[in-house]
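Enquirer: Read off the chains here:
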Amino acid sequence: MSELFRFELVSPEKLVLAAQVLQAQVPGTEGDFGILSGHAPVMTSIRPGVLEVTTRSGNAKRFYVRGGFAEADPEGLVVLAQQCIDLEELNTSDLQIEINNLKEDVVDANSDEQRGKAQFALDRLIELQAALDL
Amino acid sequence: MASLKELRNRISSVKATQKITKAMQMVAAAKLRRAQEAAEAGRPYANRMDKVIASLASKVGLDEGAPRLLAGTGRDDVHLLLVATAERGLCGGFNSNIAKLAVADANELLSAGKEVKILCVGRKGFDVLKRQYRDRMVDGSPIDFKQVKQIGFAQAEGVGRQVLTMFDNDEFDVCTLYYSEFKTVVEQIPTAQPLIPAKIIDDADEDVAMAGADAAYEYEPDEAEILADLLPRNVMTQIFRALQENAASEQGARMSAMDNATRNAGDMIDRLTLEYNRSRQAQITRELIEIISGAEALN
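Those protein sequence lines, which keep their order, are chains A and P.
Note that our numbering numbers the first sequence so that position 48 is 48, with each residue one more than the last.
Note that our numbering numbers the second sequence so that position 298 is 298, with each residue one more than the last.
You may find that some hints are simply not true.
As the list claims (entries may be wrong) - Pairwise CB distance ranges, derived in the manner of DEER restraints: (1) P/T165 to A/D105: 18 to 26 Å; (2) P/D139 to A/P74: 46 to 54 Å; (3) P/N264 to A/T29: 57 to 65 Å.
Unchecked claim - Sample of chain A residues lacking proximity to chain P, with all beta carbon distances greater than 12 Å (derived): (4) S2; (5) L4; (6) G34; (7) L36; (8) E52; (9) L90; (10) D94; (11) I99; (12) K103; (13) V106; (14) N110; (15) L122.
Hints listed in this document are in silico derivations from the structure and should not be mistaken for laboratory results.
None of these values were measured; they are calculated from a predicted model.
Just so you know, even glycine gets a beta-carbon here, dropped at the ideal spot from N, CA and C.
Sequences are here, hints too, so could you generate the full structure?
Expert: Below, the structure written as structure tokens:
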């Protein structure tokens with residue numbers, strides 16, 4: 001039905017995925033949008049959420065992305081995300097355990113600095129959990 | 001002349017040292033490869049970030065409404081030097097070269113009547129700089145990554161947040177980042193990079209190409225808003241890149257320093273062994289002479 005186009009997902013640590021895909025669903029700050037091949041040039045920042053791409057074989061790959069932007073042109077789509085997690089590698093029960101641990105850390109922290117750090121990490125994970133429930 | 005026993009002891013102690021330096025060299029070589037790979041893997045992100053910021057900045061322009069991270073505060077009275085060094089020593093001139101560059105710049109700024117503040121990432125640079133600029137150090141201590149095995153973006157984010165908070169509180173006007181650029185295993189170049197206000201890469205050819213390609217881009221939300229969102233991220237990306245370059249440089253410097261040390265230890269062992277054998281021979285000869293002259297006296 002639709003044609004393949006080039007898709008790249010880049011995080012600061014590495015090039016997470018570079019592949020030919022059929023479709024991509026991007027969480028933009030002003031709303032989610034889908035991209036097919038031959039899209040008009042557009043550039044948007046992204047909000048924390050789930051990025052979904054449909055690969056050549058029709059399988060969907062899902063990533064949690066946070067902070068960054070997406071750049072689409074007729075040749076392809078490039079997403080730069082400050083943080084990026086492959087949802088296949090993520091275990092929801094582990095996530096819940098991690099959140100609970102961090103909540104304890106926030107309560108137990110004995111300095112403002114430690115508390116701030118734990119709270120920051122906790123907020124990130126809660127954000128992630130919220131994004132997954134959508 | 002040292003006794004035979006003393007020489008033996010020295011030889012064995014130098015041999016032990018050589019084993020350690022050899023081991024450190026091999027560890028550094030293994031770590032270097034990892035650090036180098038990490039630095040290379042991070043490049044696409046940083047490069048693209050640079051390009052996008054450059055193209056956005058050329059659109060938004062540097063008029064009054066421009067974000068402060070791009071245009072600066074309009075003054076350059078207070079300078080923050082962000083000095084990134086290693087946590088450990090024994091890596092040749094790596095740490096001191098970065099510190100030396102920072103000190104030279106700091107002195108220049110001070111003699112020009114500017115205010116200088118220094119924030120250190122890594123204990124080694126802090127130890128050197130605090131001797132000279134104790135009262136100019138931000139906080140009493142460096143940002144410490146001793147516990148961190150591999151530098152991730154999270155660390156850079158932490159440093160970046162601290163710098164941005166200081167900037168928002170008007171604690172400085174200009175920020176420069178000091179780190180060591182990784183050229184080759186034996187060549188690391190201490191580098192000073194302007195961090196705030198952001199430096200826009202002015203590559204004429206690229207700009208023309210970009211302008212053409214970007215003409216039809218639709219921005220959502222508008223350019224200024226994306227730029228305001230990206231600039232703080234850019235600070236963190238730059239810091240991250242510097243930390244990664246530093247990590248690779250550190251291991252490279254350590255590897256060549258330890259290689260030299262191993263070779264020197266080898267030379268020393270050779271020399272000591274020669275001396276040891278000589279004095280052993282001398283002793284044997286002396287003993288023989290004593291026996292022979294004793295026997296002759298009896299006859």
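Enquirer: Each hint: holds or not?
Expert: Hints, verified against the model:
1. P/T165 to A/D105: 18 to 26 Å: Given range 18 to 26 Å: holds, Cβ gap about 22 Å.
2. P/D139 to A/P74: 46 to 54 Å: holds (50 Å)
3. P/N264 to A/T29: 57 to 65 Å: For P/N264 and A/T29 the Cβ distance comes to about 59 Å; the hint holds.
4. S2: Correct as stated: the minimum Cβ-Cβ distance to chain P is 21 Å, above 12 Å.
5. L4: For A/L4, whose nearest Cβ neighbour in chain P is about 21 Å away, the distance exceeds 12 Å, so it holds.
6. G34: Consistent with the label, A/G34 stays out of reach of chain P, its closest Cβ about 14 Å off (over 12 Å).
7. L36: holds (16 Å)
8. E52: The claim holds: A/E52 sits with its nearest Cβ about 19 Å from chain P, beyond 12 Å.
9. L90: The claim holds: A/L90 sits with its nearest Cβ about 17 Å from chain P, beyond 12 Å.
10. D94: With a cut-off of 12 Å, A/D94 remains clear of chain P, as the shortest Cβ separation is near 18 Å.
11. I99: Its Cβ never comes within 12 Å of chain P, the nearest being 17 Å, so this holds.
12. K103: holds (19 Å)
13. V106: For A/V106, whose nearest Cβ neighbour in chain P is about 17 Å away, the distance exceeds 12 Å, so it holds.
14. N110: holds (18 Å)
15. L122: holds (14 Å)
In summary, the structure agrees with every hint in the numbered list given earlier.
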